[in-house]
Amino acid sequence: MPRLKADFEACQGYANCVDATPDVYDIDDDGVVVLLKEEITEAERPRIEEAARSCPVNALWIEDE
Amino acid sequence: MSTPPDAAGHTPVVVIVGSSIGGVRAAQALRSEGFRGRILLVGEEEALPYDKPPLSKQFLVGQWDADKVGLLTEDAAARDRIELRLGVGATRLDVAERRVWLSDGADLAYDWLIIATGASARPSPWRPGSGVHVVRTLGDSGSLREELRRPGPVVVVGGGFIGAEAAATARALGHEVTVVDPMPTPIGRVVGPEIGRYFTDLHHRHGVETRFGVGVERIEGEAGDLRVGLTDGSTVQAATVVVGIGAVPNDGWLADSGLPLDNGILCDEYCRTLDAPNVFAIGDVARWFHPRHRERLRVEHWTNAVEMAVCAAHNIAHPEDLRAHSPVEYVWSDQYDWKIQIVGRPTQGSRHELVGDLEGEKPRAAVLYTDDRGRLHGAVTVNWPKALVQCRRLMTGGAGFDEALERISALGGASGHPQEGVRETRPGTGERAGGA
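Top to bottom, those sequences are chains A and B.
Be aware that the first sequence starts at 1, since it is given in the working numbering, and climbs by one per residue.
Be aware that the second sequence starts at 1001, since it is given in the working numbering, and climbs by one per residue.
Please note that the accuracy of each hint is not assured.
Some, not all, of what chain A presents toward chain B, calculated at C-beta under 7 angstroms [claimed, not checked]:
#1 16
#2 44
#3 53
#4 54
#5 56
#6 59
#7 63
Source of the hints: derived by calculation from the structure; they are not laboratory data.
In this text, a Cβ means the ideal position worked out from N, Cα and C, and glycines have one as well.
This is chain B alone, in the form it adopts within the complex:
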């Protein structure tokens, strides 16, 4: 076991700022990894730590209550000797002094700091009197959930993961729904425009209207009576508007810390901030050096936050055995009757092949992406977790496209008939998916 009190009797302290999935999993992983010092978990919200993916799905639709989205009970925290400091945000960091200041005026000294402050919903640039919602926190989702109890049409601005999930949820609750996005195929940012069209069809098949390729110019009125003015001159009526236009990293409180920031906190491959090796950053707020891709990335995926949490915890507990964070990207999204799972970086490829088909009810299919050198860049699976597992393994193992295609085709069980030939696709340039 590592990190007992040192000879001088000092008990080592890890302070974790941020009590969402990354912060909580880091605290737990520190114990699993044998860290015996103090762990302080600081969270800005009063609520016990909770998980975010259900906030646009099971919680929003009313299927799950607040308890069910909990990440850490007081009992579980006590069992792992995680000291909770909830309802206080971090306001300032002094790297040289190894101290972080909190919004209640207190300050905490640390030996190691893990920054897991996440990202915030990009605020709506349109501010009518009321009725415009984002979906990021439990409070956001709770107030939208209340509003969706009343009848009336819903406009969703943003056709990415959060927008699509919110649209599917509102539709399941019986609302008329319109999704607006300036991109012709919003999910095309992640899966390429050609496959993106199937996602547009998915909305239509469930009775949701799409206004893609059109921007929002203004939103006027108030909850129950909103007018959404679009750039093509048309107006859509809404009782409620949901805005899902991305997220921004919560790194503003570090502006005078001296830590290098660039749309996120810059880290090395071990999740350590540059110049301050005892300060780690994980999850949505971290822009770390991905050793295999040889570039700095900020990834807003749930799984990435968990994996970075484990990596940082390991590197704190076992500094003699540093582990690099070199993941194969993975994100899922549940929309209507589609379980969508995406691995790797599909849009880094230049063409793709579909195993199975993506039409009709409950399809089961996989799309594999490659380039002119036969490399496997990523895969999208729909309602086919078995294929997803295989694709993740193939990506991790560095398999080529032909081998991957053969393996996935051999699994059997895809819907329809495998399409023949390889279709050309011109992927968009966006690299990141939203958090799903």
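Just chain A, with the same shape it has in the complex:
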């Protein structure tokens, strides 16, 4: 199953991911992304992937396992 990954150091809190897909991404008090789920299905992959690609610092990606 594809897994969602994040580089928490790279995250700058631009929050495009949270806005696009609030059921998958959130943000903590310090402005760092929180992944609400890591295992994702192929069916939901397009929108999660598009949200990941809306990250201005490429802090999000999907790995196939």
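Given the structure of chain A, go ahead and fit chain B onto it with the hints provided.
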């Protein structure tokens, strides 16, 4: 999955002109959306597609190299079967024939075209021998970065996002910096003049001089020894001058295409050009009909380009399920130790309230903008992404100002003490922020 080869065996083709953020994200989104035909990505520059926001920040300061600003490697393009045609610009479009001509003389037939040619830095009207820079392309930023390795004072013309970021970067590299802008509070175009003053203070706090309310009359000399003559008769010495006075849409190549142009390519709410529904325009070059605002807008924000890319890709892959592009505007800017995030259209409001304060080191605050009918028009947050997320949600959900103010105040964590009362502000008339 949509768009397999049709019965006649024709494989559908999408040509994307423009290989910056909008073009690249459109190509990738087409695959995510299930498009199985050919995707050709045409880019004027030889370089592999790269991202622009770091060019006035991390790349300019020397923290990131060219690889790190890359948007699409050859491997990633191959994985998504994106055919790259780099180093060639588009020169002409024939809408009826569905064909676009390139600068190397080749032409490409398409079933769908996505125009993502972006905008160019407005060129400097002042042309001394050398030493005047704009910041738009990787080449621009690279040559400015080289020049900033040498000591000497820097004058930045233009106090908008690019100018302010370039000033902060030059200052971080140890230069004496002066920012010049004919507006009394340049960022006031985006955040209103009263909040704009805090942005002027931000420059001063970091040792950057501002000459606001004063224009540039002439620039003479050459790199290392420039004299910037101002409209008040004074002269500022500079080794390097950075000019950040806005951008102009790259739509000139479409002049004889028949597509309606008016400071950008006119599009409907689905990002389709008028009269040519198989031609889409996205990003800085598109002036599309915003269905909620009921007006045509051209927005030079990174996030808008990405969202339009996804919208156009979706509408090509799923023409039976057209999606309108109706975003809540969002732009960020990183200046000194401030992470500035702006949502909605603050200057459409007539007054604002500040949660937290904007003074001292590393403040954390939000400014919410409203009108006399209690609507929420936008918000500006500083060093407070959590509040930004909340404001975007509130804007998207159509929340009123009072509810928004209550929610943001309840978040806690703002710096200083919330100011009491509501201050009047008279926003400027400019509607657009620069690309940040």
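Restraint satisfaction for residue 63 of chain A [CB to CB of chain B, less than 7 angstroms]: 13 angstroms, violated
Quick check on the hint: residue 59 of chain A CB to chain B CB, less than 7 angstroms? 13 angstroms, violated
Checking hints one by one. Is residue 44 of chain A an interface residue toward chain B, by the C-beta closer than 7 angstroms rule? Where the cut-off is 7 angstroms and the nearest Cβ of chain B is about 11 angstroms from residue 44 of chain A, the hint is violated.
Using the nearest Cβ pair, does residue 53 of chain A come within less than 7 angstroms of chain B? 6 angstroms, holds
If you take the shortest Cβ to Cβ gap from residue 54 of chain A to chain B, is it below 7 angstroms? The hint holds - residue 54 of chain A has a Cβ within 7 angstroms of chain B, the shortest such distance being about 5 angstroms.
A closest beta-carbon separation below 7 angstroms is what the hint needs, so does residue 16 of chain A meet it against chain B? Holds: closest Cβ of chain B sits about 6 angstroms from residue 16 of chain A, inside 7 angstroms.
Interface hint status, residue 56 of chain A versus chain B (Cβ within 7 angstroms): Since chain B brings a Cβ to about 6 angstroms from residue 56 of chain A, closer than 7 angstroms, the hint holds.
The structure is inconsistent with the numbered hints 2, 6 and 7, although it conforms to all the rest.
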